[in-house]
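Asker: Each chain, written out:
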Amino acid sequence: MNPHLLTILIFLPLVAATAMFVVPAGKRNAYKYIALATGVLQLVLSGGMYYLFHPKGAGISQERLYQFVDHVPWIRLDMGNLGRLEIDYFIGVDGLSMPLLFLSALVMVIAIGASWNVQKSAKGYFVLLMILDMAVMGVFSALDFFLFYIFYELMLLPLYFLIGIWGGARREYAAIKFFLYTLFGSVFMLLIIVGLYFSVTNPETGAHTFNMLHMMDPANYVPGSFFSALAKQELFGIPARLLGFIVLFIAFAIKVPIVPLHTWLPDAHVEAPTPISIILAGILLKVGGYGILRICFSIFPDAAMQSAWWLGLIGVVSIIYGALVALAQRDLKRMIAYSSVSHMGFVLLGVASFTTEGTAGALFQMISHGFLSAALFFLVGMLYDRVHDRGIYHFRGLATLMPRYTVFVAIAFFASLGLPGFSAFIGEVFVIIGAFNAESANGLLPRWMAIAGSVGILLSAAYFLWTLQRMFFGQPRLKGGTVWSEALTDASPRETVIMVPMLVLALALGVYPALALDKINASVLALVELVTK
Amino acid sequence: MTSQLPDISERLDHIVSGLPALAPELVLIAAFVASILTGLFVDRLWRHATFTVALIGITLSAVCSSFQLAAPDADGVLFGMVATDVFSQYMRILIAIVGLLFACFVQASPDFGAHRKKTGDLYPILLAVQIGLNLMALASNWLLTFIAIEMVSIGSYLMVGYLAKDSRQTEAAMKYVLFGAVCSAVMLYGMSLLYGFTGNLDYTSAQHIQGLTGASPLLVTIALLFVFTGIGFKLTFVPFHFWTPDVYQGAPTPVTAFLSTAPKIAGIALLANILYAWPPDSFAYQHLRLLLVAAAAVTMLWGNLAALRQTDVKRMMAYSSIGHTGFLMMAVLAYSAQDHTILLYYLAVYSLMNMGVFMLTGYIESRTGAVDVRQYHGLGRAMPLALVCFTLIMISLTGIPPTSGFVAKLLVFTAVFHDWQTTGDIGMVVLLIVGALTTVISLFFYFKIPLHAFLKTAESPSEIKPLRHSILWLAVLLTVAVWLLGVFPDWLVG
Numbered sequence: 001m002n003p004h005l006l007t008i009l010i011f012l013p014l015v016a017a018t019a020m021f022v023v024p025a026g027k028r029n030a031y032k033y034i035a036l037a038t039g040v041l042q043l044v045l046s047g048g049m050y051y052l053f054h055p056k057g058a059g060i061s062q063e064r065l066y067q068f069v070d071h072v073p074w075i076r077l078d079m080g081n082l083g084r085l086e087i088d089y090f091i092g093v094d095g096l097s098m099p100l101l102f103l104s105a106l107v108m109v110i111a112i113g114a115s116w117n118v119q120k121s122a123k124g125y126f127v128l129l130m131i132l133d134m135a136v137m138g139v140f141s142a143l144d145f146f147l148f149y150i151f152y153e154l155m156l157l158p159l160y161f162l163i164g165i166w167g168g169a170r171r172e173y174a175a176i177k178f179f180l181y182t183l184f185g186s187v188f189m190l191l192i193i194v195g196l197y198f199s200v201t202n203p204e205t206g207a208h209t210f211n212m213l214h215m216m217d218p219a220n221y222v223p224g225s226f227f228s229a230l231a232k233q234e235l236f237g238i239p240a241r242l243l244g245f246i247v248l249f250i251a252f253a254i255k256v257p258i259v260p261l262h263t264w265l266p267d268a269h270v271e272a273p274t275p276i277s278i279i280l281a282g283i284l285l286k287v288g289g290y291g292i293l294r295i296c297f298s299i300f301p302d303a304a305m306q307s308a309w310w311l312g313l314i315g316v317v318s319i320i321y322g323a324l325v326a327l328a329q330r331d332l333k334r335m336i337a338y339s340s341v342s343h344m345g346f347v348l349l350g351v352a353s354f355t356t357e358g359t360a361g362a363l364f365q366m367i368s369h370g371f372l373s374a375a376l377f378f379l380v381g382m383l384y385d386r387v388h389d390r391g392i393y394h395f396r397g398l399a400t401l402m403p404r405y406t407v408f409v410a411i412a413f414f415a416s417l418g419l420p421g422f423s424a425f426i427g428e429v430f431v432i433i434g435a436f437n438a439e440s441a442n443g444l445l446p447r448w449m450a451i452a453g454s455v456g457i458l459l460s461a462a463y464f465l466w467t468l469q470r471m472f473f474g475q476p477r478l479k480g481g482t483v484w485s486e487a488l489t490d491a492s493p494r495e496t497v498i499m500v501p502m503l504v505l506a507l508a509l510g511v512y513p514a515l516a517l518d519k520i521n522a523s524v525l526a527l528v529e530l531v532t533k
Numbered sequence: 001m002t003s004q005l006p007d008i009s010e011r012l013d014h015i016v017s018g019l020p021a022l023a024p025e026l027v028l029i030a031a032f033v034a035s036i037l038t039g040l041f042v043d044r045l046w047r048h049a050t051f052t053v054a055l056i057g058i059t060l061s062a063v064c065s066s067f068q069l070a071a072p073d074a075d076g077v078l079f080g081m082v083a084t085d086v087f088s089q090y091m092r093i094l095i096a097i098v099g100l101l102f103a104c105f106v107q108a109s110p111d112f113g114a115h116r117k118k119t120g121d122l123y124p125i126l127l128a129v130q131i132g133l134n135l136m137a138l139a140s141n142w143l144l145t146f147i148a149i150e151m152v153s154i155g156s157y158l159m160v161g162y163l164a165k166d167s168r169q170t171e172a173a174m175k176y177v178l179f180g181a182v183c184s185a186v187m188l189y190g191m192s193l194l195y196g197f198t199g200n201l202d203y204t205s206a207q208h209i210q211g212l213t214g215a216s217p218l219l220v221t222i223a224l225l226f227v228f229t230g231i232g233f234k235l236t237f238v239p240f241h242f243w244t245p246d247v248y249q250g251a252p253t254p255v256t257a258f259l260s261t262a263p264k265i266a267g268i269a270l271l272a273n274i275l276y277a278w279p280p281d282s283f284a285y286q287h288l289r290l291l292l293v294a295a296a297a298v299t300m301l302w303g304n305l306a307a308l309r310q311t312d313v314k315r316m317m318a319y320s321s322i323g324h325t326g327f328l329m330m331a332v333l334a335y336s337a338q339d340h341t342i343l344l345y346y347l348a349v350y351s352l353m354n355m356g357v358f359m360l361t362g363y364i365e366s367r368t369g370a371v372d373v374r375q376y377h378g379l380g381r382a383m384p385l386a387l388v389c390f391t392l393i394m395i396s397l398t399g400i401p402p403t404s405g406f407v408a409k410l411l412v413f414t415a416v417f418h419d420w421q422t423t424g425d426i427g428m429v430v431l432l433i434v435g436a437l438t439t440v441i442s443l444f445f446y447f448k449i450p451l452h453a454f455l456k457t458a459e460s461p462s463e464i465k466p467l468r469h470s471i472l473w474l475a476v477l478l479t480v481a482v483w484l485l486g487v488f489p490d491w492l493v494g
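Chains as they are written, first to last, in our numbering: chain A, 1 to 533; chain B, 1 to 494.
What the hints contain is simulated information worked out from the structure, not anything from laboratory work.
Just so you know, not all the hints are guaranteed correct.
If you want the footprint, here are the derived chain B segments under chain A, 3+ residues with CB under 8 Å [as the list claims (entries may be wrong)]:
1. 393-403
2. 414-426
3. 429-436
4. 478-492
Only a predicted model underlies this, so the values are computations on that prediction, with no experimental measurement involved.
Positions of the beta carbon are idealized from the N, C-alpha and C atoms, including for glycine.
Please construct the entire structure, taking both the sequences and the accompanying hints into account.
Answerer: In structure tokens:
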């Protein structure tokens, strides 16, 4: 086994992007085939890694329990009395990141498949897509905070251009709004990183470090430093550690997104081209959840416990509010965007419970939502490609016009609303069990939050089924008349090939959740123990 | 004669013994004289003669400075008027690099080539300004500081008005001269007050510091304010920035590039020298620090907020450079005398980015005539390489990884945080927060360039004139450097 497998996985897209630069602009088709080849190769690679991944590799705060580790010194800057700047190229995977890496590779392939008909400057499009791909893989693997931040920010640039150039009518507004929201969160995150850097030393060398794993161990904090738990420093009357937690949480919560920081999401989703919506919902939102678990909780466990009630409340508000707003939408893509807000609320509720069930459920929900939302956005894209309209009230009786498409939509809707037998059910049930047990296990969350979460499932059933009824059943009646009914052809073989694996995966994980739970279990246990000890 | 000047031979010996430390300036003086001569006589035969002389002169001066890096500090050169430490050597090298870039930029700029005055007279001015800039970075005496600043100013006035193509350029030059003259006068007045309090013009001397401590706090504050009017004028921090947008917009693009970079480097060096000559517990230092913290915060906010409303690219970049001045001041405040890595890195990166941006602005302007971002529509397709580089530099200016602009910002944040931890000065926290906030604000206007160039399409394809690509390739080189130094900052600092 190649020891640098993970590095290859991350930088493969960069090689592809360089290759695309060399290919002359006249060969339009070459780009998408290079991209597809890269995507498939990554999927095979990450699939292989998933298979090789040892379920006992808990990771979290111990480097020796990480797998596929690459750890080499990168930047060593001597800065006089500020000491030596120690930045490592440090990557590795554990149970938190392994499923998300596989998910990212899968969603990327779907996104590339969905970009098959991109005509407008294909070269730029696929080059940007590859850079985005690299950044995403890097974010899920980085274990050095500096490296993490670089990949995290690097995601923004290609997305800005992908939304801004290839997007819909209000694309410029959506692109800059998305960028500003995320940058706002991450710039302040940078300040916390600097603070952590000065508070933590590497026990081996004694130098300050950006190593996340060192930041998780209270023994590595310099006595009296800003973020040291014993020093109890304050800034503007807020304890420093709580402040650090809040700032990092907001940075990631913008990505998740939580209510009320979610307003960039409907705009970005609606204006983005279909493949980018798929990536946004399938991968980018998971970065937020992953960041909360990997960074906020692991580095500031005390502050996280202290804020549990608020986190739970934010989760519940996101679930209910997202679902209610989704119910009121007249645009199919907007409805799905708000359903994402609602479903990601479960992730927050799950992690806020600080129980093994809740955390595992949250992680499972992220994975499940990853490909289900990708599937949903892909389905919307299929409709939009044909008639360039997404209004829910502009369609009726699609089932008779597009039977195969309707089957796909029905399965995806049922899977998303949490029907037993599909993956979303497992995730949501685990989250609710976790939230319900929290009162007796650690007393952090009141029971009504779990009940409110179940109301969210009910609401999601309402908006999904109602939409199904409005658009697909009854006599065919279309806003565009016969022109539309001719344009609305059933799912093509390419679209079928993309859809089937996702729906099969949703079913497989729903019927046999151990496929994922086995790999994440050890890490979840280690994380919960780290946080609650 | 000997009775009137009993120690004249000793004094002469002292001056001569100090000259090797000033070798870079001597080289520049020689090049200055040579360039005037070539401008008069040789340019007719070979039109690149003056350019070549200037290039050689600046390069040689940089080489001289780099030799002095290894040598120990020369003490008390010219009766202590000049302090040559490692920091000022690096400053000289950096200023020389900017001067070289400027010379190449001018040479490639069609505006200068087509003008009837040609460039023969510009290079001697450049060399003279270089001398002034070097002295600004070296001076440890108020009087020498004044002379250096004036030398730079007078040269800059000439540069701004060099082409005087239309009334706007003439207006810019005129404004610059008037504001400059007033600021210099005020600064000189402030210096005279300081001299009155202390009886000494060497601001590093103990006598000077004692004198300041002894004088009335109100008067010292007023005197310092006056002095900093002059320095602020060169550095363009708020509230002495008001001349910048008009002058930057009106001046020929290469000159704008130079003015927004080189005098700032020298000014920051001067500021650092003054600030760290005084002991931290002295009253004057604490007062000055308070003033500078406030000025830095306001400068960052004002520069970035005002840039939001601009649509003229050069004007927008003028405000952006004001914003960066605020950031640099923050770096100076957090910098400590033994350790100049962070400040140097920021200055070097800023110079590269700024020169790169203006080169691209100039290139795009000469090819399409576009000066307003709204005229950039669709240029991303027409001139992909130039606009991609432009965008890449904008990313770095905003401070987004993995660029050197990001590393520079991170290092400054690091230094400021450390300073706050050791001194407990709450002003540093304010600076940190303002610095972070303005980074977000700056994204908005820096990304106007890619927004208009790539996201919007032109109603009518703009006419593109042919032009030699030399300047574009230079800008590409700078872009690559800006990105590589972001991924491998050790290459610069090591």
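Asker: Next, verify each hint and record whether it holds.
Answerer: Structure-based check of all given hints:
| no. | hint | verdict |
| --- | --- | --- |
| 1 | 393-403 | holds (count 4) |
| 2 | 414-426 | holds (count 5) |
| 3 | 429-436 | holds (count 4) |
| 4 | 478-492 | holds (count 3) |
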